[in-house]
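Enquirer: For the protein sequence lines, the chains are G and V, in the order given. In terms of my numbering, the first sequence opens at residue 1 and continues consecutively. In terms of my numbering, the second sequence opens at residue 377 and continues consecutively.
These aren't lab readings, by the way, just hints derived from the structure by calculation. Where is the CB? At the ideal position from N, CA and C, for every residue including glycine. There could be a bad hint or two in this list.
Once the Cα atoms are required to be at most 27 Å apart in a straight line, the calculated DSS-like pairs of lysine-lysine come out as [what the hints assert, rightly or not]:
| no. | chain 1 | residue 1 | chain 2 | residue 2 |
| --- | --- | --- | --- | --- |
| 1 | G | Lys189 | G | Lys212 |
| 2 | V | Lys721 | G | Lys125 |
| 3 | V | Lys646 | V | Lys721 |
| 4 | G | Lys141 | G | Lys125 |
| 5 | G | Lys213 | G | Lys201 |
| 6 | V | Lys646 | G | Lys125 |
| 7 | G | Lys141 | V | Lys646 |
| 8 | G | Lys192 | G | Lys141 |
| 9 | G | Lys44 | V | Lys646 |
| 10 | V | Lys495 | G | Lys44 |
| 11 | V | Lys495 | G | Lys201 |
| 12 | G | Lys331 | G | Lys141 |
| 13 | G | Lys212 | G | Lys125 |
| 14 | G | Lys266 | G | Lys189 |
| 15 | G | Lys44 | G | Lys125 |
| 16 | G | Lys189 | G | Lys17 |
| 17 | G | Lys266 | G | Lys17 |
| 18 | G | Lys266 | G | Lys192 |
If you want the ones that stay clear, here's a sample from chain G, every Cβ over 12 Å from chain V, calculated [as the list claims (entries may be wrong)]:
| no. | residue |
| --- | --- |
| 19 | Thr199 |
| 20 | Gln324 |
| 21 | Ser359 |
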Amino acid sequence: MTTLQHKETNVAAHLTKADLQNLADELDSIRAQIIAERGGRDAKYIRTVIASQRKLELASRGVLLASIFPPAWLLGTAGLALAKILENMEIGHNVLHGQWDWMRDPAIHSSTWEWDMACPADMWKHAHNELHHTYTNVLGKDNDLGYGIMRVDEEQPWSPFYLAQPLWNFLNMCVFEYGIAAYDLEIGKYLKGRTDKATFKRQVRGVLGKIKKQALKDYVLHPLLSGPSFGPTLAANAVANLVRNVWSHSVIMCGHFPSGVETFTKRSVVGETRGEWYLRQMLGSANISGGRLLHLLSGNLSFQIEHHLYPDLPSNRYAEIAPQVQAIFAKYGLPYVSGPLPKQVASAWLKVIRLSLPSQVYKAPKQAPLELAAAA
Amino acid sequence: MTTMLRGLGRLAESITTPLLPSDYLDLLDPLRAGAPLRGRIVAVEPETADAATLVIRPGRGWTGHRPGQYVRVGVDVNGVRHWRAYSLTNAPRRDGFLSITVKAIPNGLVSNHLVRAAKPGDLLHLDQATGDFTMPESPDERPAKILFVTGGSGITPVLGMLRNHDLGDVVLVHSAPTAGDVIAADELRGRTDIRLIELHTDTQGMLDAHLLAELVPDHAERETWACGPVGLLDLLEEIHTDRADSLHVERFRPSVLVTGEGGTVTVGGKQVEAGGTSPILDAAESAGVLMPSGCRMGICYGCVLPLTDGAVRDLRTGTITEAGPGVLVQTCISGAAGNCEIGAKA
Numbered sequence: 001m002t003t004l005q006h007k008e009t010n011v012a013a014h015l016t017k018a019d020l021q022n023l024a025d026e027l028d029s030i031r032a033q034i035i036a037e038r039g040g041r042d043a044k045y046i047r048t049v050i051a052s053q054r055k056l057e058l059a060s061r062g063v064l065l066a067s068i069f070p071p072a073w074l075l076g077t078a079g080l081a082l083a084k085i086l087e088n089m090e091i092g093h094n095v096l097h098g099q100w101d102w103m104r105d106p107a108i109h110s111s112t113w114e115w116d117m118a119c120p121a122d123m124w125k126h127a128h129n130e131l132h133h134t135y136t137n138v139l140g141k142d143n144d145l146g147y148g149i150m151r152v153d154e155e156q157p158w159s160p161f162y163l164a165q166p167l168w169n170f171l172n173m174c175v176f177e178y179g180i181a182a183y184d185l186e187i188g189k190y191l192k193g194r195t196d197k198a199t200f201k202r203q204v205r206g207v208l209g210k211i212k213k214q215a216l217k218d219y220v221l222h223p224l225l226s227g228p229s230f231g232p233t234l235a236a237n238a239v240a241n242l243v244r245n246v247w248s249h250s251v252i253m254c255g256h257f258p259s260g261v262e263t264f265t266k267r268s269v270v271g272e273t274r275g276e277w278y279l280r281q282m283l284g285s286a287n288i289s290g291g292r293l294l295h296l297l298s299g300n301l302s303f304q305i306e307h308h309l310y311p312d313l314p315s316n317r318y319a320e321i322a323p324q325v326q327a328i329f330a331k332y333g334l335p336y337v338s339g340p341l342p343k344q345v346a347s348a349w350l351k352v353i354r355l356s357l358p359s360q361v362y363k364a365p366k367q368a369p370l371e372l373a374a375a376a
Numbered sequence: 377m378t379t380m381l382r383g384l385g386r387l388a389e390s391i392t393t394p395l396l397p398s399d400y401l402d403l404l405d406p407l408r409a410g411a412p413l414r415g416r417i418v419a420v421e422p423e424t425a426d427a428a429t430l431v432i433r434p435g436r437g438w439t440g441h442r443p444g445q446y447v448r449v450g451v452d453v454n455g456v457r458h459w460r461a462y463s464l465t466n467a468p469r470r471d472g473f474l475s476i477t478v479k480a481i482p483n484g485l486v487s488n489h490l491v492r493a494a495k496p497g498d499l500l501h502l503d504q505a506t507g508d509f510t511m512p513e514s515p516d517e518r519p520a521k522i523l524f525v526t527g528g529s530g531i532t533p534v535l536g537m538l539r540n541h542d543l544g545d546v547v548l549v550h551s552a553p554t555a556g557d558v559i560a561a562d563e564l565r566g567r568t569d570i571r572l573i574e575l576h577t578d579t580q581g582m583l584d585a586h587l588l589a590e591l592v593p594d595h596a597e598r599e600t601w602a603c604g605p606v607g608l609l610d611l612l613e614e615i616h617t618d619r620a621d622s623l624h625v626e627r628f629r630p631s632v633l634v635t636g637e638g639g640t641v642t643v644g645g646k647q648v649e650a651g652g653t654s655p656i657l658d659a660a661e662s663a664g665v666l667m668p669s670g671c672r673m674g675i676c677y678g679c680v681l682p683l684t685d686g687a688v689r690d691l692r693t694g695t696i697t698e699a700g701p702g703v704l705v706q707t708c709i710s711g712a713a714g715n716c717e718i719g720a721k722a
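In isolation and in its complexed conformation, chain G is listed as follows (with noise of 0.2 Å):
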């Protein structure tokens, strides 16, 4: 029988051990694929798009010297929130994961680069990387799963908090940069005693550090070289920041939060196969359906599911080892949760207005966090 345990609405109950074993398997040897395969194609498309985004922001912050005009705002301003969306989802994330580190080209490498973003990349390394990506959906563990301040899970016991919730996740979507810093902090834990107080603060003067020299970029400096345009251009900037924020945001909470996706519990991942941690990854994760502009402006995390199978894998290869992946999930009978953004960012909003209400106010939830046992 199944490792997993049973549950009434366990997706996966119908896999055995051998299931899991084939399952990782073939997943397997879709990445060794991709690995053989890239190459200069890859190296190619990367180095294209980090030219044409650092283009684009140099053009965009040129026309905004001039922002005091209205159409020069428009322009500049759209351009800029452009320039950033791009490097932040495509090129930051991307690069962070390592998913260019096999180019040993030291200008495009997870060690070297840093990001238009105020949590510094060493630190958003090891809370994204190690924590969200290993510990994929796991209640007590993901931090990503409602960033600790939201309740994201009917197993998780209510309380009056949250029924501000929607609240917070409006205002933690307009300054998600901040946001991720804080919880990249990990200030609760802090709180808590369990972080060593030196370590807090070095990670806190960085977060610092890196906050005033991007708002003094951003709220300063560029408006200063605007002269007469000197406010149109920093409320650009100011707009530009807030549009990347609620795009990223919003493709972050498609990724894991759609109706359709699984949580787990902290005993799943003990002692774990790595075909437990395939199914978990694909249970765990929702994509984005969409053209070509999506998947590019998401970072490709519309591939959440693919991103999640492979982190370090090329993103610009998601969208090909897609029907693959589709086709092992059809074959082991496991729902591939993708949609349109419209529906996703709406059945992610419904499920943290519904969770912001104690459980017996709406109808028996549908879901319970599936508990996946390390025990053959």
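Place chain V on chain G using the hints.
Expert: Chain V only, in chain G's frame:
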């Protein structure tokens, strides 16, 4: 003035943070002054069936070289950056272009790419020229009689010297498999100021001490510069045992003599499986770790890193080095002797 410039530089950095101004300037001119040193291929000129000369326009930061020196070249082959050292072979040029002459070695990823796939317009990454396989700068300090002993692409640093210096009494003994494999053959055969002795090893066999004495009876009176395969260099070192001062040697590849068991190397936050016959540098690079590197043959010490745990084996001698405080190892000639850990550059 410098304070002001530095202030301006810092201001520019604040404007471009988290990137640097150079990240944007690179889009416009990758060869500009102050950029990381790069070069653009201007021409690829075939030499033999498997060798070519690449003419390169260096970035404005290039500080020049002495004939006989080599330059490290970073080449992107199928998306992956590889670094190799090649001798500079150009004669003095008004346009300041450089040339390197590359022989494609069997299964050589980089040399085959440069000879067969590289094309004008390609960007290369460069280091400044280095190496002490050179002639004294002042003609007065040069020996009266010179012997060059070269094999295969070992001719390249000597070409650099012959094209730039008037060296007087020169004998060049060059080994190549056949007459068609001689790089710059027409030029060398046409030179009346040097005595060229070609040895076509496919038919005439390899050079040995006896043959050298026969071909160059006065070789003992000649200061010798030798570059070529390990066997050739070993031969000359043996001949010059008593007068090592009069021999200059350039090695192109590390001479791997010993093999060990290999192991898991922890380096740059990654766990890398390293075989016992290949350098830790290669294994780490293959795993995507950014490693400092230099000549890749154990002479320049550009690749040294602290060995913080375990042990490594010198692939040239078999000597084992164990971890300890302050222990540094050359990753380009060290293989894993069991599991070990390499720290970050101090």
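Enquirer: Does each hint fit the structure? Answer for all of them.
Expert: Status of each hint after checking the structure:
no.	hint	in the structure
1	G:Lys189 to G:Lys212	holds (25 Å)
2	V:Lys721 to G:Lys125	holds (21 Å)
3	V:Lys646 to V:Lys721	holds (15 Å)
4	G:Lys141 to G:Lys125	holds (16 Å)
5	G:Lys213 to G:Lys201	holds (18 Å)
6	V:Lys646 to G:Lys125	holds (14 Å)
7	G:Lys141 to V:Lys646	holds (24 Å)
8	G:Lys192 to G:Lys141	holds (15 Å)
9	G:Lys44 to V:Lys646	holds (26 Å)
10	V:Lys495 to G:Lys44	holds (16 Å)
11	V:Lys495 to G:Lys201	violated (53 Å)
12	G:Lys331 to G:Lys141	violated (30 Å)
13	G:Lys212 to G:Lys125	holds (20 Å)
14	G:Lys266 to G:Lys189	holds (17 Å)
15	G:Lys44 to G:Lys125	holds (25 Å)
16	G:Lys189 to G:Lys17	violated (36 Å)
17	G:Lys266 to G:Lys17	holds (20 Å)
18	G:Lys266 to G:Lys192	holds (19 Å)
19	Thr199	holds (18 Å)
20	Gln324	holds (22 Å)
21	Ser359	holds (43 Å)
In terms of the numbered hints stated before, the structure departs from hints 11, 12, 16, listed from lowest to highest.
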